[in-house]
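> Here is how the chains run, residue by residue.
Protein chains: 2
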Amino acid sequence: MPKLLILSDRAEQYENLIQAAKLPNLEIFAFKNADVKAKIANQCEIVLGYPSLIRDLLPSLAKLRWVQTLSAGVELLLLPSLRRDYVLTNARGVFGELMAEYVFGYLLFHERQIFKHHQLQAKKSWDGSDTGSLRDKTIGLLGVGSIGAHVAKTAKHFGMIVHGYTRSSQSSPDVDVYHHDDLIEFACGVDYLVNIFPNTPETQKLLDASVFDALPKTAIFINVGRGSAVDDEALQAALEQEKIAGAVLDVFDKEPLPKEHPFWTTPNLWITFHTAAPSLPKDISQVFIENYHRYIKDEALNYQVDFERGY
Amino acid sequence: MPKLLILSDRAEQYENLIQAAKLPNLEIFAFKNADVKAKIANQCEIVLGYPSLIRDLLPSLAKLRWVQTLSAGVELLLLPSLRRDYVLTNARGVFGELMAEYVFGYLLFHERQIFKHHQLQAKKSWDGSDTGSLRDKTIGLLGVGSIGAHVAKTAKHFGMIVHGYTRSSQSSPDVDVYHHDDLIEFACGVDYLVNIFPNTPETQKLLDASVFDALPKTAIFINVGRGSAVDDEALQAALEQEKIAGAVLDVFDKEPLPKEHPFWTTPNLWITFHTAAPSLPKDISQVFIENYHRYIKDEALNYQVDFERGY
Chain A
1 MPKLLILSDR
11 AEQYENLIQA
21 AKLPNLEIFA
31 FKNADVKAKI
41 ANQCEIVLGY
51 PSLIRDLLPS
61 LAKLRWVQTL
71 SAGVELLLLP
81 SLRRDYVLTN
91 ARGVFGELMA
101 EYVFGYLLFH
111 ERQIFKHHQL
121 QAKKSWDGSD
131 TGSLRDKTIG
141 LLGVGSIGAH
151 VAKTAKHFGM
161 IVHGYTRSSQ
171 SSPDVDVYHH
181 DDLIEFACGV
191 DYLVNIFPNT
201 PETQKLLDAS
211 VFDALPKTAI
221 FINVGRGSAV
231 DDEALQAALE
241 QEKIAGAVLD
251 VFDKEPLPKE
261 HPFWTTPNLW
271 ITFHTAAPSL
281 PKDISQVFIE
291 NYHRYIKDEA
301 LNYQVDFERG
311 Y
Chain B
1001 MPKLLILSDR
1011 AEQYENLIQA
1021 AKLPNLEIFA
1031 FKNADVKAKI
1041 ANQCEIVLGY
1051 PSLIRDLLPS
1061 LAKLRWVQTL
1071 SAGVELLLLP
1081 SLRRDYVLTN
1091 ARGVFGELMA
1101 EYVFGYLLFH
1111 ERQIFKHHQL
1121 QAKKSWDGSD
1131 TGSLRDKTIG
1141 LLGVGSIGAH
1151 VAKTAKHFGM
1161 IVHGYTRSSQ
1171 SSPDVDVYHH
1181 DDLIEFACGV
1191 DYLVNIFPNT
1201 PETQKLLDAS
1211 VFDALPKTAI
1221 FINVGRGSAV
1231 DDEALQAALE
1241 QEKIAGAVLD
1251 VFDKEPLPKE
1261 HPFWTTPNLW
1271 ITFHTAAPSL
1281 PKDISQVFIE
1291 NYHRYIKDEA
1301 LNYQVDFERG
1311 Y
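Which chain is which? The protein sequence lines are A and B, in order. Read in order, the letters of the first sequence correspond to residues 1 to 311 in our numbering. Read in order, the letters of the second sequence correspond to residues 1001 to 1311 in our numbering.
Careful: at least some of the hints might be erroneous.
To be verified - Under the rule of at most 25 Å between Cα atoms (straight-line distance), these lysine to aspartate or glutamate pairs were calculated in the DMTMM-like manner:
| hint | chain 1 | residue 1 | chain 2 | residue 2 |
| --- | --- | --- | --- | --- |
| 1 | B | K1153 | B | D1174 |
| 2 | B | K1063 | B | D1306 |
| 3 | A | K153 | A | D182 |
| 4 | B | K1124 | A | D176 |
| 5 | A | K156 | A | D181 |
| 6 | B | K1156 | A | D283 |
| 7 | B | K1205 | B | E1242 |
| 8 | B | K1137 | A | D283 |
| 9 | A | K156 | B | E1015 |
| 10 | B | K1032 | B | E1255 |
| 11 | B | K1116 | A | E255 |
| 12 | A | K124 | B | D1174 |
| 13 | B | K1116 | B | D1127 |
| 14 | B | K1124 | A | E260 |
| 15 | A | K116 | B | E1240 |
| 16 | B | K1003 | B | E1015 |
| 17 | A | K32 | B | D1231 |
| 18 | A | K205 | A | D231 |
| 19 | A | K156 | B | D1283 |
| 20 | B | K1124 | A | D127 |
| 21 | B | K1153 | A | D283 |
| 22 | B | K1259 | A | D127 |
| 23 | B | K1123 | A | E260 |
| 24 | B | K1243 | B | D1232 |
| 25 | A | K63 | A | E255 |
| 26 | B | K1259 | B | D1231 |
| 27 | B | K1254 | A | D127 |
| 28 | A | K259 | A | D283 |
| 29 | A | K124 | B | D1231 |
| 30 | B | K1032 | B | E1015 |
| 31 | A | K116 | B | D1306 |
| 32 | B | K1156 | A | D176 |
| 33 | B | K1124 | A | D283 |
| 34 | B | K1156 | B | D1182 |
| 35 | B | K1123 | A | E242 |
| 36 | B | K1022 | B | D1298 |
| 37 | A | K156 | B | E1242 |
| 38 | B | K1153 | A | D130 |
| 39 | B | K1123 | A | E255 |
| 40 | B | K1116 | A | D232 |
Hints in this document: simulated from the structure, not taken from any laboratory.
Go ahead and model the full structure; you've got the sequences and the hints to work with.
Pasting the structure below:
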């Protein structure tokens, strides 16, 4: 009978959802943190949890065969010092809708000048000038996996032109133009630049001064991928010098963002707290349940991470 | 040769766009306001313009056969004291995209707590709590014409349940449930109530205390139809007493909204300035051009307004 270890602050919710699916032959141990006794850890062959909690337990998981993460990002499990003798699957296919809501919430917030209208209201100042519109604007997606494809679909719904920058997949029917290498050329042609890349060696500080210089002055940069992709000082300078019109950041190199970080007060920068696409137990438990059915039939699991490639 | 009178603050833009279409046999007179000499007005059989400018000229338009308005709303031309011996067509089919941008800009602004995040940022306070999501929420549309259908389509894109309240058309494939008479029952079941009704005798103060009482306490009311549909005092009371969670108003009984009106400072009320879906010359001129081709072939014009019904 396979034993599953759940590691999440919402361990109980996950346990209930998985119990309800009546998976064959599964015994479950659920914990809110990594404070798990060795005699339990060393029996479990499957772990469902957050990379931050799993990492510390890796040495004690004597029978480990499969880790399903609750997040899309798995970089904490990819450090070269850590074992790789198990199958690692991440959560995929469940964040697209939420990410699209976040991205388009901020795109429309910007185009329709919601904050400016709020300020005009406070001054009792009626101003009937036209706002902008998303139609015919260009969105550039850095990364066109399942999240990128969903953002692209929403962009097409609003009549936008979609450019995708990718080294691998280019299967989304909603991307009008694919770019593969020249990031500067890519940046020149977009009104909105959205980073969705995972944290890999190739994406470290990919968004640097040269990219922010290349963007149109009216452009908005949105980061829902990973903070490591951004050169923070270059972004801060671009916003202070009005080289771009604004930025929206959900992710940061260090989270929570330290109090002393200049991003808290950088002009035209809107920050959120890694909340763009939360891992919702009802979504993620489905990913696990489907994968467990494959696991017991010895089929290839969905959403396997390549330890070398990093995603 | 038919003579066209254009009445708009963007008269020149409309003239250029229509000239560019090289319409057969059309002579154009373009004015920024209603200050048109009688000897010009009394030759023109077609008028393209805003109802507010056309109304005052109606008595001098001796040869009038057709009025195409630049707006969807035509109530100023429907007063019983005014002539009705011409064909009145309004602008339709061009506002749906812009209205959907506006409505979903504010829906996402609310669900994703953009303003709250802005306030947290100002306090340098990291708060990783989950925000809401549009998925599985219910939107109730008062009016399901071409604008309502577009809003419904966007709602389905975001995974919402769509209820439509209508006395006439019910042809949108994106409406899940239609209601026809019980407005209170309709209001009970929605998270977002969006008024898109035109200004007609039937819609006067339709949204009164009984409707705001029926809405869930978490509901948001959005008015992109006409201000006359709302009992202002009842809405103000509903917001002050937190009977609903918020309101977004683009239209008002009197516009510009008078400085002394309580809506400027009512809690949880977000106002804009009749800017949700501006009449863009490139869109509206297409409506006119297509209709002109019908006109000279003596075909029925698109988007005819029924003077009795009011839309």
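> Are the Cα atoms of K1063 (chain B) and D1306 (chain B) separated by 25 Å or less?
Distance ~21 Å between K1063 (chain B) and D1306 (chain B) Cα, so the pair holds.
> Are the Cα atoms of K1123 (chain B) and E260 (chain A) separated by 25 Å or less?
holds (12 Å)
> Straight-line Cα separation of K116 (chain A) and E1240 (chain B) no greater than 25 Å?
At roughly 24 Å apart (the allowed maximum being 25 Å), E1240 (chain B) and K116 (chain A) satisfy the hint.
> Holds or violated: are the alpha carbons of K156 (chain A) and E1242 (chain B) at most 25 Å from each other?
violated (37 Å)
> Is it true that the CA of K1032 (chain B) sits at most 25 Å from the CA of E1015 (chain B)?
holds (11 Å)
> Are the Cα atoms of K1003 (chain B) and E1015 (chain B) separated by 25 Å or less?
Between K1003 (chain B) and E1015 (chain B) the Cα gap is close to 13 Å, so the pair holds against 25 Å.
> Does the alpha-carbon distance linking K1205 (chain B) and E1242 (chain B) stay inside the 25 Å limit?
holds (20 Å)
> Is K1259 (chain B) within 25 Å of D1231 (chain B), Cα to Cα?
holds (18 Å)
> Are the Cα positions of K1123 (chain B) and E255 (chain A) separated by 25 Å at most?
The hint holds at about 16 Å.
> Next pair to validate is K1153 (chain B) with D283 (chain A); report whether the Cα-Cα distance is within 25 Å.
holds (24 Å)
> Straight-line Cα separation of K156 (chain A) and D1283 (chain B) no greater than 25 Å?
Measuring from Cα to Cα gives roughly 19 Å; hence the hint holds.
> Are the Cα positions of K1032 (chain B) and E1255 (chain B) separated by 25 Å at most?
Holds, at roughly 20 Å.
Violated hints, in rising order: 4, 9, 12, 17, 20, 25, 28, 31, 33 and 37; the structure is consistent with all others.
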